[in-house]
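Number of protein chains: 2
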Amino acid sequence: MIGTLAGSAAMYEAMSSLAYAAEAGYSGPPNLTGNVKGASVLILGSGLAGMVSAHELRKAGYKVLILEYQDRPGGRNWSLYGGDTYTELGGFKQNVQFDKGHYLNPGRWRIPYHHQGILHYCKMLGVQLEPFIQSNYNAYIHSTKAFGGKPQRFRHIQTDFQGHVAELLSKSTRQAALDQAVTKEDQEILLQALRNWGALDANYEYTAGEASSNKRGFDFDPGGGLTAMETPSTPIGLKELLGSGLWRAVGAGSGYETQQSLFQPVGGMGMIGKAFGATLKEVIKYSAKVIDIKQDEKGVTITYQDTKKGGAPMVATADWCICTIPVSILSQIPITVSAPMKAAINNLSYSSSVKVGLQFKRRFWEEDENIYGGITYTDQPNSTIAYPNFNYFSSGKGVLLGAYAFGPGAVRYASMSPEERITKTLEYGSKIHPQYMKEYENGASVAWHRVPWTLGCAGAWTEELRARHYNNLCALDGRIMLAGEHASRIPAWQEGAVLSALDAIRRLHQRVTQA
Amino acid sequence: MIGTLAGSAAMYEAMSSLAYAAEAGYSGPPNLTGNVKGASVLILGSGLAGMVSAHELRKAGYKVLILEYQDRPGGRNWSLYGGDTYTELGGFKQNVQFDKGHYLNPGRWRIPYHHQGILHYCKMLGVQLEPFIQSNYNAYIHSTKAFGGKPQRFRHIQTDFQGHVAELLSKSTRQAALDQAVTKEDQEILLQALRNWGALDANYEYTAGEASSNKRGFDFDPGGGLTAMETPSTPIGLKELLGSGLWRAVGAGSGYETQQSLFQPVGGMGMIGKAFGATLKEVIKYSAKVIDIKQDEKGVTITYQDTKKGGAPMVATADWCICTIPVSILSQIPITVSAPMKAAINNLSYSSSVKVGLQFKRRFWEEDENIYGGITYTDQPNSTIAYPNFNYFSSGKGVLLGAYAFGPGAVRYASMSPEERITKTLEYGSKIHPQYMKEYENGASVAWHRVPWTLGCAGAWTEELRARHYNNLCALDGRIMLAGEHASRIPAWQEGAVLSALDAIRRLHQRVTQA
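If you're matching them up, the sequences are chains A and B in order. Mind the numbering: the first sequence is residues 1236 to 1750 in my numbering, read in order. Mind the numbering: the second sequence is residues 1236 to 1750 in my numbering, read in order.
The shape of chain A in the complex, shown without the other chains (with noise of 0.2 Å):
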């Protein structure tokens, strides 16, 4: 059997060695090799920079020494579980309720396959990951403009968007209208290709019937024994599926970001920070509120004061820095770093997003409208409401995400009390899920720009930012490197934060090794 097949050892080794290299920003573990010379190192925040930073030195032999703000690792992989309690700027206190199991993830929710950084941590923490779905055909795209303010099925709205670009491609094709960019030949293939994936019948033409029911769905399906016959769906026409702007979310899954597949960490994200956190236990001290910081050649000197138990500030010494503190904090803190990185910290402006879980006493998504996990995308402020990834068909209660709110949407959110979120989301999603009102219970809500820690949600660079300050936000300042998403080319997801992490190190250790 084997010798069929000679020459596949060969291959093996090649594809192996190269799989990474080819295509991801993410190359394994540094190699950090070397004399490090007992060199130490101050970081700044126990997010997923300052903790990757942190296991990866101490394995290389740095001392190493992490300055927490809050009570907790992972930063904004976080996870709000009933019996939280979190007080956001302006002093709003809010008591989280969600029952044993459920949560909130504030911030970042799903991990892309393809982010191979972050799922390294993931696989080396032992923290279990189950799928993450975004596309759900028959869940919900939604406009108060458009079909009366009568949600759509995904299933409708694709099936119908390609089934009208289809035929009117054919119609073009065989108008003869793309005769001189496709030869004969391969406008007989593309027409093929367009009924196939179209749905079109045998006249090329879009139409209520078999073929495009078999995507879109039947509006009686097809039964057994002697029960009525299946009767096909109706399209949506063409001028009312374009006026909808419908089509606006049929690419939602297809981002090289949001395609299949996704991963989310049993148990909440928060899950990857807390294990993190564990392993690194003796070396981050929490609470502790960074108010200077400052080098010059012999090293860094850290001034920060115990939030819990007061008293005077106090101060850290280390060979080197590396500040995960995001800048919207850091541009606050007093720092001796060059004219260039300060302005790179003081200009990068951070992004709004809110978030706001419902707790309901019945999972009717599932129950009434067969809809298990994924997103309904709708044109309210609330802009998204995603369906629990876990516990399906369960007969229990569940927590929806009510609202992922971005732009001016968010920042109308972030203006409201928590209460008053929850009234919002409450009566924006009634106007698709009737059930809300009679099934609500408890809510939470995390609104990005009133966090105390990062006062936004990411990093929101422009390409004009960026080919001002991106590459002096990076750079090593003497004593200081900063990591982050914002110190990425990813911002706002986890991998910008690992890989931002593992670039800096390695440029830490090779000054560090080569001096």
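Check the hints yourself; a few may be wrong.
Just so you know, same-sequence chains aren't split out, so a pair can sit in one copy or run between any two.
[What the hints assert, rightly or not] In silico PhoX-like links for lysine-lysine, alpha-carbon gap of 20 Å or less: (1) LYS1419 with LYS1406; (2) LYS1474 with LYS1419; (3) LYS1358 with LYS1544; (4) LYS1358 with LYS1632; (5) LYS1596 with LYS1358; (6) LYS1328 with LYS1385; (7) LYS1294 with LYS1516; (8) LYS1666 with LYS1596; (9) LYS1298 with LYS1577; (10) LYS1577 with LYS1529; (11) LYS1520 with LYS1298; (12) LYS1380 with LYS1474; (13) LYS1328 with LYS1406.
Keep in mind that the hints were calculated from the coordinates and are not lab data.
Based on the hints, put chain B in the right spot on chain A.
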């Protein structure tokens, strides 16, 4: 808060009661009220149709007995585990050697979200479900005749197909070729939609760059800190794409029965049959081979042999019979039914299909190629490679579905010995995954035409056959009624078996209570 949403409750009630009626063949458990007058029913076969019938009839007060040919419940609801043995027609015996926790589903392997009948029984039986991943953007589409035999990532083929379609239709639109079909105003919206969905650049062209790479992926992904910048990937040209035929697989995850969300039972599809059988222990007689089915005005008489104990044929009698034996087998058993039903039984042939499971020492598709679950398509006879949708990221072994052959490919596979099937499957698979030969451990296969108790995979209805025979096949013929996937409009799917059974017992019950 409630005040602002007056009317929700009424909408809610309307929605709950309409949900099923509008869309699904399944309308909840049957309501078999009325006096059953001590009626007895013999059920032939303990597949899903037989067990659903038995369960519901027992609940309604009928005396029920199931005769089952095999020594286990479930029928085609079946998983093969390490330690199992399986002997096919022709005498080939396989000793399955998968490690604990791994399995092959020889038959059904996925449950669409709208198959509410089978989902209801999963819930009733406490069978845990987990997501079945159909579309994986990082899996492959492969043709031996295209791209020099090099497998292509699904995300490349889909993005490029959509990109070229969008570019061509944009071109036609801007050249006024669609002026008769689409108003000027709608053309503007269409162009926007095509640019958005097709990842076109500012000139409505599908080119290498940020827009296309944000869907198809980069040659070098964006990274962190000062690592090299991302480099966009280069789309496949229209001519090459059309000529490759790989576009055929683009719609694989958008069919009504293959679109997300889909589920599989934790631990193998056979968990359903196993759990169902446990609840019916006292009414199933195993190893009972039916050799004669007779009826007269007074009742039905079934003659069967005990294939374990041997001995003289035995006889069971009852008032009614629900026969779920596949007609591929039933056509060989003497049965007193009307000529039309007999013609229906004799004329329906069964489709071919072969599955091969392969155990590998490590999950190289995950570790080397970042493929987590989902399906690769190939033009070779194995047709499908499906990756396990559980134990993601685990360091251990894995069982791939190495072949899911249909049509001519299945016929060819079925003519081979189990060992030859493995050899060929490894050969085909190695063209896609060169790691196959180094990592292979053991395998098992099921060729449905050689399965002694079905002689095929599922009823192969054509439109013509249905017009002539379907109603006769499903009719209550005296005291005998057939049920199973073959007596449904959803052949091959478990939902067909469930809905067929529910319709059969509803009609039987009507006859009994109205007599």
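To see whether the hints hold, each was checked on the structure:
Proximity of LYS1419 to LYS1406 under the C-alpha cut-off of 20 Å is found in both arrangements, the shortest distances being 14 Å within a copy and 17 Å between copies. Only between protomers do LYS1474 and LYS1419 lie at most 20 Å apart by alpha-carbon distance; the minimum there is 11 Å, versus 30 Å within a single protomer. Neither within a single protomer nor between protomers do LYS1358 and LYS1544 lie at most 20 Å apart by alpha-carbon distance, with minima of 36 Å and 52 Å respectively. Taking CA atoms no more than 20 Å apart as the test, LYS1358 paired with LYS1632 passes between copies only; the shortest distance there is 15 Å, against 30 Å inside one copy.
In this homomeric assembly, LYS1596 and LYS1358 come within 20 Å of each other (Cα to Cα) only across copies, at 18 Å, whereas the closest approach inside a single copy is 34 Å. Within a single copy, LYS1328 and LYS1385 get their C-alpha atoms no closer than 36 Å, and across copies no closer than 57 Å, so neither meets the 20 Å cut-off. Within a single copy, LYS1294 and LYS1516 get their C-alpha atoms as close as 15 Å, which meets the 20 Å cut-off; across copies the closest is 58 Å, which misses it. In this assembly of identical chains, LYS1666 and LYS1596 lie within 20 Å of each other by CA distance solely inside one copy; the values are 19 Å within and 51 Å between copies.
Taking the shortest Cα distances, LYS1298 and LYS1577 never come within 20 Å of each other, neither inside one copy (27 Å) nor across copies (84 Å). For the identical chains of this complex, LYS1577 and LYS1529 are intra-copy neighbours only, at 13 Å inside a copy versus 92 Å across copies, given an alpha-carbon limit of 20 Å. Taking CA atoms no more than 20 Å apart as the test, LYS1520 paired with LYS1298 passes inside one copy only; the shortest distance there is 14 Å, against 71 Å between copies. Taking the shortest Cα distances, LYS1380 and LYS1474 sit within 20 Å of each other inside one copy (14 Å), while across copies they are farther apart (41 Å).
For a Cα distance limit of 20 Å, the shortest separation of LYS1328 from LYS1406 qualifies neither inside one copy, at 60 Å, nor across copies, at 56 Å.
Of the numbered hints stated above, those contradicted by the structure are hints 3, 6, 9 and 13, listed in ascending order.
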